[in-house]
Amino acid sequence: MVYKVASELDSESLGAYVISQANTASDVLAVMLLQKQFGMTVDSGKLMRVVPLFETLNDLKNSPEQLETLFRTTSYVGSINGKQEVMVGYSDSAKDAGRLAACWAQYTAQEAMTKVAKKYGVELTFFHGKGGTVGRGGNPALYRAILSHPPNTINGRFRVTEQGEMIRQNFGDLEIAQRSLDIYTAALLREAFIKRVEPKQEWRDEMERVSEVSCNSYRHTVREDPRFVPYFRQATPELELGKLNIGSRPAKRNPKGGVESLRAIPWTFAWAQTRMHLSAWLGVGDGLSPSDEKDKALLREMYEEWPWFREIISLISMLISKTDFSITQHYDDLLVDPKLMSLGDEVREKLVQTRRAVIDISGR
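Numbering (our numbering), first residue to last: 1 to 364.
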């Protein structure tokens with residue numbers, strides 16, 4: 001029914017067909033086949049560009065392989081006119097693996113996908129699925145955020161989501177909208193004409209270590225600790241947010257699912273309400289607290305010389321400064337079962353560790 005209606009619309013009515021949670025190349029090919037069945041072809045002028053959305057850690061890591069499969073498919077390459085758009089998910093990848101692991105996976109996936117596209121002569125455009133908050137991939141320093149993207153992945157083409165309250169904040173007034181577009185334009189022009197910092201191999205190796213340690217720490221708390229889900233639901237207004245009729249989509253993908261099915265927006269907002277901001281920093285402290293002094297020195301070097309890494313640390317530092325122990329403790333005292341309060345104490349200890357690690361690396 002969806003494709004029948006789409007096939008009857010004017011060719012300019014619809015843009016991209018974004019496939020959420022794209023896991024395999026067949027997800028893309030299935031949409032192309034369904035369009036063909038309803039006459040939405042290159043010849044008819046109604047073919048929508050199909051955009052896979054890679055939004056979990058595994059999806060990001062497997063994304064180059066999926067593009068390789070698509071570009072080896074003759075019928076597919078013949079229908080895309082040498083152009084491919086890929087959406088990178090920031091919110092759900094951070095919710096899946098933690099902030100640092102997600103950021104590094106996004107970085108390396110974009111690099112690898114760019115190489116695959118170049119190999120097959122395809123013009124690749126990344127569509128960055130970011131939210132407004134840091135925990136959902138946002139960055140208030142828009143100009144620096146664009147310049148911190150991986151080198152050779154923009155090439156004058158940049159697409160990004162503007163969601164919810166950010167639409168009004170950045171485009172709600174004519175003068176503000178013009179200023180926002182000026183910043184986008186200036187950053188894209190500068191990115192095209194300056195020499196970008198390419199990460200050294202030792203920096204990449206260190207990020208692999210940091211990513212693995214931080215991801216394991218994050219998932220140990222969120223997925224493996226049996227106290228976490230009941231603590232989360234008692235200490236935050238997650239359940240209440242799900243009842244508010246203010247979003248464009250349900251709070252959960254699966255109504256009967258747990259935290260893993262919760263969308264990134266209520267996940268982030270729930271922790272923001274308690275001033276814990278857990279979604280933006282959990283796992284970071286362990287990743288940035290190596291026992292080897294050589295690793296510590298290398299992290300400081302990365303902060304000083306690598307804009308991408310420095311921007312991540314600066315954002316985490318900004319979020320940490322907004323946390324408030326007194327408020328999070330007050331929520332625990334009023335709402336949390338005494339048997340679960342030990343987890344709240346442990347999480348706050350991790351926050352202290354993260355603060356120390358960020359200060360140690362940045363020097364401030």
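What the hints contain is simulated information worked out from the structure, not anything from laboratory work.
One should not assume that every hint holds.
To be verified - With a Cα cut of at most 25 Å, we get these calculated SDA-like pairs of lysine to any residue:
1. K322 to D292
2. K118 to K4
3. K322 to R356
4. K115 to K36
5. K200 to T185
6. K200 to K296
7. K4 to N58
8. K118 to K195
9. K118 to N58
10. K243 to D337
11. K115 to E165
What the hints assert, rightly or not - For each label pair, taking beta carbons as the anchor points, the in silico distance ranges come out as:
12. K4 to L29: 18 to 26 Å
13. Q329 to G121: 52 to 60 Å
14. G15 to R223: 42 to 50 Å
15. Q37 to K339: 50 to 58 Å
No experiment lies behind these values; they were computed from the predicted model shown.
Yeah, the Cβ is synthetic: ideal placement off N, Cα and C, and Gly gets one too.
The hints, checked one at a time:
For the proposed pair K322 and D292, the alpha carbon gap of about 30 Å is over 25 Å, so the pair is violated. Among the hinted pairs, K118 with K4 is inconsistent with the structure: their alpha-carbon atoms are about 35 Å apart, more than 25 Å. Between K322 and R356 the alpha-carbon distance is near 15 Å, which keeps this suggested pair within the 25 Å criterion. A C-alpha spacing of about 29 Å is found between K115 and K36, which places the hinted pair above 25 Å, so the restraint is violated.
With a C-alpha separation of about 29 Å, the suggested pair K200 and T185 falls outside the 25 Å cut-off, and the hint is violated. Between the alpha carbons of K200 and K296 the distance comes to roughly 16 Å, so the proposed pair stays at or under 25 Å and holds. Distance restraint check for K4 and N58: the Cα-Cα separation of roughly 33 Å exceeds the 25 Å cut-off, and the hinted pair is therefore not satisfied. In summary, the hint linking K118 to K195 is supported, as the alpha carbons are separated by about 20 Å, within the 25 Å threshold.
The suggested pairing of K118 with N58 holds, with an alpha-carbon distance near 23 Å, which does not exceed 25 Å. Between the alpha carbons of K243 and D337 the distance comes to roughly 22 Å, so the proposed pair stays at or under 25 Å and holds. For the proposed pair K115 and E165, the alpha carbon gap of about 35 Å is over 25 Å, so the pair is violated. The given range of 18 to 26 Å is respected by K4 and L29, whose C-beta atoms sit roughly 20 Å from each other.
Between Q329 and G121 the beta carbon distance is about 58 Å. The supplied range of 52 to 60 Å therefore holds. Taken as a hint, the range 42 to 50 Å is violated for the pair G15 and R223, whose Cβ atoms sit roughly 36 Å apart. Separation of Q37 from K339 is about 56 Å and conforms to the stated range, judged on CB atoms against 50 to 58 Å.
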